[in-house]
Amino acid sequence: AQSVTQLGSHVSVSEGALVLLRCNYSSSVPPYLFWYVQYPNKGLQLLLKYTSAATLVKGINGFEAEFKKSETSFHLTKPSAHMSDAAEYFCAVSDPPGNKLVFGAGTILRVKS
Amino acid sequence: GAGVSQSPSNKVTEKGKDVELRCDPISGHTALYWYRQRLGQGLEFLIYFQGNSAPDKSGLPSDRFSAERTGESVSTLTIQRTQQEDSAVYLCASSYNAPPGEQFFGPGTRLTVL
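So the sequences go chain by chain: A and B.
Just so we're aligned, residue 233 is where the first sequence starts under the numbering used here, counting upward by one.
Just so we're aligned, residue 7 is where the second sequence starts under the numbering used here, counting upward by one.
Among these hints, one or two may not hold up.
Okay, derived cross-link-like pairs now, BS3-like style, lysine-lysine, Cα gap no bigger than 27 angstroms in a straight line [unchecked claim]:
hint	chain 1	residue 1	chain 2	residue 2
1	A	K274	B	K17
2	A	K301	A	K281
3	B	K63	B	K17
4	A	K290	A	K301
5	A	K274	B	K63
6	B	K63	A	K281
7	A	K300	A	K290
8	A	K274	A	K344
9	B	K63	B	K23
Read the hints as simulated data drawn from the structure, not as lab findings.
Construct the complete structure from the given sequences, taking the supplied hints into account.
Encoded structure:
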């Protein structure tokens, strides 16, 4: 069965600093991987997705993630944090055949001014 | 709007009462999913619909939970004899069935069982 581990339930960075949110997955098949963001009292919004094309995936709001098969990782990065990036971030893997999403526990990102 | 909608946005009920949660998916999306997000926890899969059929109900926590979908559109999640542990945000998502199955989420229904 697919599973996702997100290291660090809370990450705090200064405004302008690098954002790195870690995600490791376990999958018995080539995975489809996703990062979603959830702003307070809002639904989940897709940031980016890996679908076995390019290993470096660019998403919205300046985020990107790199798929590393050898490390079974799909870490999310952003070069320069903005106050508006404060939210909870979820990594997920698609579980065939119905493509239900298996989510990590989430990482809350705090951005300090 | 073109997004997934859910109603009600908030529901407060007493223990033992039944509740119905509604999801309107994006038009043309054949797949529909229900997830649950309890406070301080990640998202748990509940049930998946392909068209009006539910080939995967593995996440439903008990026989108090049921769901249906009609017209390959609207879905209703019903919780009978609610318990306090049912308190959570219930999220609905829809997608085209073809992989990678990018899912579009609704805003959720916050259920509080007193």
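Outcome of the hint check:
Note on K274 of chain A and K17 of chain B: the hinted pairing holds, with a Cα-Cα distance of about 16 angstroms set against a maximum of 27 angstroms. Of the supplied pair hints, the one linking K301 of chain A and K281 of chain A holds, its CA atoms being roughly 15 angstroms apart against a limit of 27 angstroms. Taking the CA atoms of K63 of chain B and K17 of chain B, the gap is near 24 angstroms; set against the 27 angstroms cutoff, the hint holds. Our distance criterion of 27 angstroms between C-alpha atoms is met by K290 of chain A and K301 of chain A, whose separation comes to about 17 angstroms.
Distance restraint check for K274 of chain A and K63 of chain B: the Cα-Cα separation of roughly 26 angstroms lies within the 27 angstroms cut-off, and the hinted pair is therefore satisfied. A distance of roughly 25 angstroms separates the Cα atoms of K63 of chain B and K281 of chain A; the hinted pair therefore holds under the 27 angstroms criterion. Between the alpha carbons of K300 of chain A and K290 of chain A the distance comes to roughly 15 angstroms, so the proposed pair stays at or under 27 angstroms and holds. Proposed proximity of K274 of chain A and K344 of chain A is supported: the alpha carbons are some 21 angstroms apart, at most 27 angstroms.
A hinted pair counts as satisfied when its Cα atoms are at most 27 angstroms apart, and K63 of chain B with K23 of chain B qualifies at roughly 23 angstroms.
Of the numbered hints listed earlier, not one is contradicted by the structure.
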